[in-house]
Amino acid sequence: MAINTRSGKVLQGESEQVVEVKVSEHEVEVEEPSVVEVEKLPEELKVQEENREKVKEKKEDSGAFTIPCTIGAHDFARALCDNGDSINLMPHAIYNQAGLGMPRPTSMKLQMADRSIKRPVGIVDDVLVKVGKFHLPADFIILDCAVDKEIPIILGRPFLSTGRALMDLERN
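Position 4 of the sequence shown, counting from 1, maps to 4 under the numbering used here, and the rest follow consecutively.
Just so you know, the hints here were simulated from the structure itself, not pulled from any lab data.
Among the clues, some could well be false.
[Unchecked claim] The calculated lysine-lysine pairs, modelled on DSS-like cross-linking and capped at a C-alpha distance of 27 Å, are:
{"hint": "1", "residue 1": "Lys149", "residue 2": "Lys130"}
{"hint": "2", "residue 1": "Lys149", "residue 2": "Lys118"}
{"hint": "3", "residue 1": "Lys149", "residue 2": "Lys133"}
Put together the whole structure using the sequences plus the hints.
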């Protein structure tokens with residue numbers, strides 16, 4: 001018997017016979033789960049139940065904190081210390097008031113929380129920040145933005161690292 005393909009080829013040979021296979025459905029027996037009383041549980045499971053009651057409650061995010069500091073002759077009652085930020089940030093207006101010298105230019109771009117992109121005015125190196133009795137150097141990114149009256153500057157991870165800050169997040 002010859003078989004013709006779509007491309008026009010002719011194949012010689014016998015065709016295969018199709019064998020039908022009957023599939024029968026068998027009933028499967030499923031055991032119902034049994035309820036186990038607490039008294040019959042193994043001792044290990046009882047201990048796990050007791051420990052579950054002793055697990056501490058999950059704490060809320062403590063977020064950032066503020067500290068008082070001084071830069072030059074300007075006292076800031078609340079400077080935001082945010083260990084999530086990788087820069088120290090100062091608004092351009094505060095930079096002008098502090099008289100910190102000329103900033104060096106930068107090609108850095110910052111993405112703000114609203115996803116807008118801003119270019120800093122520049123970077124001021126080694127600004128002395130007085131915290132308590134300590135004077136710590138910090139490099140600030142100068143950004144032309146509105147000044148927040150409550151929290152005018154942001155001190156990020158570089159500043160906290162320079163001051164070797166130890167934070168007890170449990171007690172805020």
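Here is how each hint holds up against the structure:
1. For the proposed pair Lys149 and Lys130, the alpha carbon gap of about 20 Å is at most 27 Å, so the pair holds.
2. For the hint linking Lys149 to Lys118, the alpha-carbon distance of about 21 Å falls within 27 Å, and the restraint holds.
3. Note on Lys149 and Lys133: the hinted pairing holds, with a Cα-Cα distance of about 25 Å set against a maximum of 27 Å.
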